[in-house]
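Enquirer: As you go down the protein sequences, you meet chains A, B and C in turn. Position 735, counted from 1, in the first sequence is what UniProt numbering calls 735; the numbers after and before it change by one each time, with no gaps. Position 121, counted from 1, in the second sequence is what UniProt numbering calls 121; the numbers after and before it change by one each time, with no gaps. Position 93, counted from 1, in the third sequence is what UniProt numbering calls 93; the numbers after and before it change by one each time, with no gaps.
Hints are computed from structural coordinates only; laboratory data are not their basis. Be careful, since some hints might not be right.
[As the list claims (entries may be wrong)] Listed next, the stretches of chain B that the computed footprint assigns to chain C, with coverage defined by at least 3 CB atoms under 8 Å from CB atoms of chain C: (1) 136 to 147; (2) 223 to 232.
[To be verified] What follows is a set of in silico ranges between Cβ atoms, one per label pair, in the way DEER data are often shown: (3) A:Tyr814 to C:Asp167: 24 to 32 Å; (4) C:Asp208 to A:Ser194: 50 to 58 Å; (5) C:Leu4 to A:Asp295: 40 to 48 Å; (6) C:Ala84 to A:Pro438: 32 to 40 Å; (7) B:Ala2 to C:Leu4: 44 to 52 Å; (8) A:Pro438 to C:Asp167: 20 to 28 Å.
C-beta atoms are modelled at their ideal positions from N, C-alpha and C, and glycine is treated no differently.
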Amino acid sequence: MLKYKTFVKKTRSGGILKVVREHYLRDDIWCGSEVCVECKDETPVLEKDPCMESNLCTFPHYLIPDTNVVLHQIDVLEDRLIRNVIILQTVLQEVRHRSAPVYKRIKDAIHTKEKNFYTFTNEHHRETFIEREPGESANDRNDRAIRVAVQWYSKHIPDSANIKVVLLTNDRLNKEKAEQAGLIAYKCEEYIKSLIANPELIDQLALTSDDKNEITSSKILFPEHLPLSQIQAGIKSGKYIQGTFRANRDNYLEGNVFVQGEGDESTEILLQGLQQLNRAVHQDVVAVELLPRKDWVAPSAVVLQDDGPKAEDDEQEEEEEKKLQMKQVAQQALKPTGRVVGIIKRNWRPYCGMLSVSLIKQATRHLFTPADRRIPKIRIETRRADSLAGQRIMVAIDGWPKNSRYPNGHFMKSLGSAGDRETETEVLLLEHDVPHLPFSQNVLSFLPKMPWTITDDVMKNRVDLRHLCVCSVDPPGCTDIDDALHCRDLENGNLEVGVHIADVSHFIRPGNALDQEAANRGTTVYLCGMRIDMVPELLSSNLCSLRSDVERLAFSCIWEMNHNAEILNTRFTKSVINSKASLTYAEAQMRIDDTSMNDDITKSLRGLNKLAKILKAGRIEKGALTLSSPEVRFHMDSETHDPIDLQTKQLMETNSMVEEFMLLANISVAQKIYDEFSECALLRKHPSPPSSNYDILHKAAKAKNLVIHTESAKELADSLNDAEIDGFPYFNTLLRILTTRCMMQAVYFCSGLDSDFRHYGLATPIYTHFTSPIRRYSDIIVHRLLAVAIGADSTYPTLMDKHKQAALCNNLNYRHKMAQYAQRSSVAFHTQLFFKNRGILNEEGFILFVRKNAIIILIPKFGLEGTVFFENKNKPSPKMVFNEEIPTLTVEGHTFNMFDCVRVTISLDASNIQHQKIRMALLEPVIPGVSVPPPDSEPEAKKMKLDR
Amino acid sequence: MAVDMRLPAILKQISLSGSKGAAASLVVPGDVITTDTGFMRGHGTYLDEEKLTASVAGEVERVNKLICVRPLKTRYNGEVGDVVVGRIAEVQQKRWKVETSSRLDSVLLLSSVNLPGGELRRRSAEDELSMRDYLQEGDLISAEVQAVFSDGALSLHTRSLKYGKLGQGVLVQVSPSLVKRQKTHFHNLPCGASIILGNNGYIWLHPTPMQQDEEAGGYYTSTEPVALSDREVISRLRNCILALAAHKVMLFDTSVLYCYESSLSHQIKDILKPEVTEEVVLQTRHRLADQEG
Amino acid sequence: MAGLELLSDQGYRLDGRKSTELRKIQARMGVFDQADGSAYLEQGRTIALAVVYGPHDVRGSRAKIQHDRAVINCQYSMATFSTAERKRRPHGDRKSTEMSLHLKETFEAAILTHLYPRSQIDIYVKILQSDGGNYSACVNAATLAVIDAGIPMRDYVCACTVGFVDDTPLADMNHAEESGGGTNLALALLPRGGQIALLQMDARLHQDHLDTLMEAAMTACKGVSKVLDEVVRQHLQETVILTGE
């Protein structure tokens with residue numbers, strides 16, 4: 001079936017090295033076209049009638065892009081419109097070497113069926129393989145290989161099909177040579193511009209170095225970057241330092257280079273001024289040179305609130321201004337200062353943001369302002385500026401030439417108009433790196449086929465618990481029910497309590513695309529009014545959701561307890577359950593409270609509730625903290641999805657009942673998997689915070705003549721319980737909110753790589769996540785570990801590899817953090833929407849923190865936090881005295897203490913459409929010149945902003 | 001010194017057409033010869049789960065119920081009466097160990113040799129001590145297989161005047177399977193040299209002795225220089241034998257002689273050049289075929 | 001940047017083979033006259049030369065003599081010019097001693113040693129050029145040499161290495177693939193009966209994958225055996241025709 005020819009390449013390079021290589025050239029590589037009759041390809045990828053209407057190529061054709069086209073114009077290639085493309089192996093390999101992200105994207109495109117991308121393995125094909133000729137550079141050879149492949153295609157595709165192949169190349173020489181050989185070759189720009197169907201594609205074209213014609217004055221603005229070899233030599237000799245560049249959020253002329261030292265040591269190097277930053281973009285890995293000590297400066301302490309878009313003309317001016325500012329502050333403690341000499345690795349990603357339309361009419365070049373303030377503005381070229389203005393768009397950076405003030409980029413896609421609920425959600429998902437695209441076909445192919453039934457095969461290693469009276473208790477509207485409970489009396493007088501968790505790991509098998517996708521997503525992200533699932537809906541809301549009256553697979557943790565809630569026996573098993581009822585917290589509470597109900601479910605609930613109370617008491621006895629954070633819930637309009645009411649979450653007894661058993665299950669499982677796999681158990685820990693974290697809490701309590709003990713969790717819990725002030729019922733909650741801020745972040749970790757397992761907040765020596773596998777990937781791993789531990793499932797290599805486990809933990813921690821941020825941003829956005837509809841409100845609030853020039857206020861009614869600034873840009877600052885010890889802030893004679901009650905106006909500041917925010921202004925206490933009049937008139941702050 | 005260099009040449013494929021008949025009886029290790037249990041298992045076969053299986057690559061030979069596989073090439077398997085040429089490997093108590101290209105070293109007992117002084121002499125302790133005087137390590141002998149021991153080792157004897165220590169001459173080693181079994185393995189070739197075709201693949205070439213019966217037992221070695229012409233003849237014969245062996249032509253007096261004659265048009269040193277070898281061997285083959293036909 | 005992509009999405013390996021395809025094997029038997037058996041084998045660009053002497057009397061220490069079977073003595077060596085870097089390889093370094101031992105074990109399983117009591121069989125193998133799969137090339141070459149020597153064996157011994165990349169077994173890895181890291185399993189098989197003469201694996205592998213890997217290795221070994229079989233039969237016929245019987 002295959003013929004092969006053997007080539008031996010023996011070269012002696014450098015010293016004496018013998019290279020032995022073999023290359024089998026095949027004649028069973030198909031062309032992948034439907035029209036071809038010679039090739040025995042079973043599933044040809046390229047269509048019979050490729051139609052891309054172009055006025056350059058009026059005939060049906062396939063495209064073959066060369067390497068640079070793929071590298072630079074990946075955005076265009078990814079467009080729906082571009083189909084029937086042949087990606088040559090030569091190209092793919094080159095792309096792989098040059099850029100990993102582009103490689104991934106082109107691979108994704110190849111995998112997308114609808115795009116009809118075909119990979120032609122030309123390097124292994126007998127007729128298209130070519131050897132490098134003496135004196136030919138590797139690049140020339142590859143270009144030739146591409147031409148040979150194109151030639152082969154044009155000969156190979158039967159004339160009757162009337163399909164031609166078109167080479168896309170931006171290299172003039174390559175194009176000429178191709179044309180000499182009688183091939184059809186176009187420049188990428190030419191071709192894309194000729195497409196009739198979609199003129200918008202032109203905007204997505206990246207600016208290539210070829211026609212980067214004088215974008216700005218040819219004046220060189222930046223020092224040249226050093227070549228990589230020189231940088232590496234410099235780093236070796238210690239002349240340069242390698243680090244990650246982090247732009248300053250508040251001052252675009254300043255940034256830090258974060259240098260990872262040995263172990264935990266790390267230092268930061270300050271960079272100030274455009275020259276020193278030298279085109280570094282946030283997150284780039286750069287090489288910096290330290291400046292001599294005399295040139296060291298201090299970071300500018302000034303926080304510039306709003307750095308709105310500036311017209312290009314006054315740039316110079318502004319820089320001057322900034323420089324002046326720097327000199328003024330340069331008296332203070334100096335920091336190591338350096339300058340960027342070269343970029344080691346760019347970490348560019350597509351950025352969300354908005355277009356700042358150029359002032360000149362009909363201009364095609366515009367500046368783009370990213371939502372992330374750490375990213376510089378990007379110059380893009382588009383003819384649709386008018387339609388794009390006011391829209392959220394995505395832009396990718398193509399390069400930053402040394403004679404350009406801003407990096408050059410190109411438009412990728414529009415997300416929708418700014419301020420839109422969907423658009424803003426999209427933006428916040430993108431900016432928080434939440435994978436939210438619909439699941440790919442590849443992923444969906446691993447879902448079980450419907451209709452799904454429980455087969456005997458599945459019943460193997462499973463206990464039938466369908467007869468048990470299991471029920472679930474969840475918030476209203478919950479469709480991904482991952483836990484259910486039961487409780488029954490045993491004959492020996494003890495109680496049997498079962499926690500049944502959806503058996504997601506049964507459906508998601510290790511290593512397949514579904515598993516990889518879930519592992520990457522890490523967690524389901526809940527935003528206001530929407531949910532970004534970690535696993536496809538079929539699983540999350542159907543097969544894995546433990547709904548009532550259907551048979552579902554579960555992983556059960558069953559305890560035998562006595563009436564004092566002491567565990568006598570713990571058992572884990574895979575099972576089949578049939579939930580008898582899906583209740584909401586309120587419903588469950590009602591059943592418990594309603595003495596007239598005495599059915600099995602209610603009895604079970606009562607039993608659970610009773611035990612939960614004992615468990616909770618025991619937990620609190622041990623020093624578990626009850627913390628508080630203001631949580632709000634929006635009531636959404638069912639049609640417009642706009643928030644119509646805002647409500648802080650209410651807690652019921654049943655909430656804590658469910659929580660209690662989930663904690664118990666998690667702890668039991670954690671112990672079990674740790675006992676079985678001491679090296680590779682996935683656990684969750686909550687480190688105890690360093691004592692300095694509590695300073696603010698101590699100070700706050702002292703201000704109210706209370707003492708908070710923070711030596712241990714137990715003492716902290718006790719003193720929090722005791723901290724009450726008569727006539728100030730909210731004080732305790734405030735204190736708890738404050739305590740929450742002192743805490744560390746709980747994290748996942750792999751037991752083999754850590755020694756401290758304690759969960760501080762829950763006061764348990766070991767903890768993990770087991771109970772929500774539908775929405776957390778960590779739980780899936782824990783399920784797998786537990787399944788192996790009880791012999792219900794087989795293990796697989798990565799499960800037992802502690803380093804891979806640790807890498808997974810890192811991703812999960814990152815995703816969790818990002819999900820939280822996204823959630824907060826979503827709440828913030830919805831709060832804004834809410835206030836937009838409300839106009840200006842005036843509310844009572846408490847001072848949560850006191851800052852140098854502002855106070856931070858919490859409005860309990862909305863669970864909203866806001867800042868009242870006492871400084872304004874175009875007004876003289878009021879007289880302020882800040883006392884760090886207590887802390888207090890005295891403004892014009894009025895002293896603000898923590899926890900003081902104030903009245904503020906709340907309004908939406910929409911002046912900067914990109915960064916809308918809730919603005920608060922002081923009403924009471926009235927301080928002349930600082931506070932604002934009651935909100936019957938337009939608030940001053942807003943008016944002022946609008947003037948600009 | 002002139003050095004003859006040659007480029008590597010592609011090996012000539014030998015046409016295998018028309019040899020299907022022969023192929024049928026060829027087996028390789030692991031080939032099942034028969035599943036019929038009525039046969040007896042001979043050399044080169046083993047029983048694998050009731051199946052008679054070949055353990056060597058070669059031709060199947062069937063003698064009534066006995067099935068053997070004769071490998072194409074093997075160490076020498078001695079049979080009683082074979083003429084062998086061997087080299088003394090060791091001198092032991094009352095015996096010599098002789099290297100005969102067999103699986104195990106052969107044994108030449110002190111009692112199986114003719115000692116100087118007549119056939120009926122008793123072997124004394126003195127003889128035992130002076131064994132090295134007769135034959136020492138490295139000496140070549142011609143002998144006949146007297147018996148085969150149970151472990152496969154051969155017992156030799158030299159109790160005939162034609163056997164005994166070999167004097168001046170050239171030893172050529174070839175595969176034992178190339179030596180054709182014949183009535184006599186001692187030949188005085190008409191070209192002026194003698195040859196002993198040992199069944200074990202050791203072939204001894206020496207000048208034809210002047211007088212046939214000089215000294216019985218022949219433990220005396222003449223050290224007289226051999227004439228150049230004799231040496232040339234012997235050298236040519238040696239190369240001819242190697243040429244024939246390289247082309248797997250069976251060796252016996254006629255084939256050697258024919259080959260010798262065919263080679264006369266070439267210089268002695270050229271015979272082993274592949275193309276010459278081929279030509280010479282081809283001529284030999286033709287002559288042999290003619291003779292048979 | 002990124003390492004070599006050992007297996008492309010299209011299922012091709014670096015040298016253009018598919019995952020189950022072997023390298024081209026070429027071999028000749030009976031390359032030396034002096035030895036009892038000899039063979040030359042190219043497996044891709046790995047070249048091995050094997051010679052067999054024996055069975056013959058046990059040389060050296062008499063203590064080695066086994067009274068019920070033959071002793072097998074293997075010696076593996078690599079030519080100084082066999083690898084990329086020219087390197088003098090003294091006899092008896094750890095690697096070659098280990099390899100010698102493996103070969104010895106392999107052939108003790110295959111050769112009918114009980115037929116030759118008190119004797120010894122020497123197998124010398126030399127790698128002339130190394131491009132991965134040295135062990136398998138040695139075994140395959142030595143098998144041919146043993147057959148050439150007419151020493152009885154149960155069956156051929158065929159060896160092949162199998163790697164494991166992206167959950168796919170790669171048959172007969174070359175040097176680039178071997179140095180790409182990952183698992184490398186070497187299997188010597190008596191193909192007809194499917195008995196394993198030697199199984200060796202250095203890296204860690206999850207047991208779930210072992211079965212697939214073994215299966216791939218067996219298939220590969222059987223592929224090798226087909227090629228060897230052809231070589232032997234060809235050689236047999238040639239010799240038979242030449243000897244004219």
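Enquirer: Confirm or reject each hint.
Expert: The hints, checked one at a time:
1. Counting residues of the region 136 to 147 of chain B whose beta carbon lies closer than 8 Å to any beta carbon of chain C gives 0, which falls short of the minimum of three for the stated coverage.
2. Residues of the region 223 to 232 of chain B with a Cβ under 8 Å from some Cβ of chain C number 0, which does not satisfy the need for three, so the listed coverage is violated.
3. For the pair Tyr814 of chain A and Asp167 of chain C, the beta carbons lie near 26 Å from each other, so the given range of 24 to 32 Å is met.
4. With their beta carbons about 53 Å apart, Asp208 of chain C and Ser194 of chain A fall inside the hinted range of 50 to 58 Å.
5. Here the CB-CB span from Leu4 of chain C to Asp295 of chain A is close to 46 Å, well matched to the stated 40 to 48 Å.
6. For Ala84 of chain C paired with Pro438 of chain A, a C-beta distance near 49 Å fails the hint of 32 to 40 Å.
7. A C-beta distance of roughly 50 Å is found between Ala2 of chain B and Leu4 of chain C, which places it inside the suggested range of 44 to 52 Å.
8. For the hinted restraint 20 to 28 Å between Pro438 of chain A and Asp167 of chain C, the CB-CB distance of approximately 26 Å keeps it satisfied.
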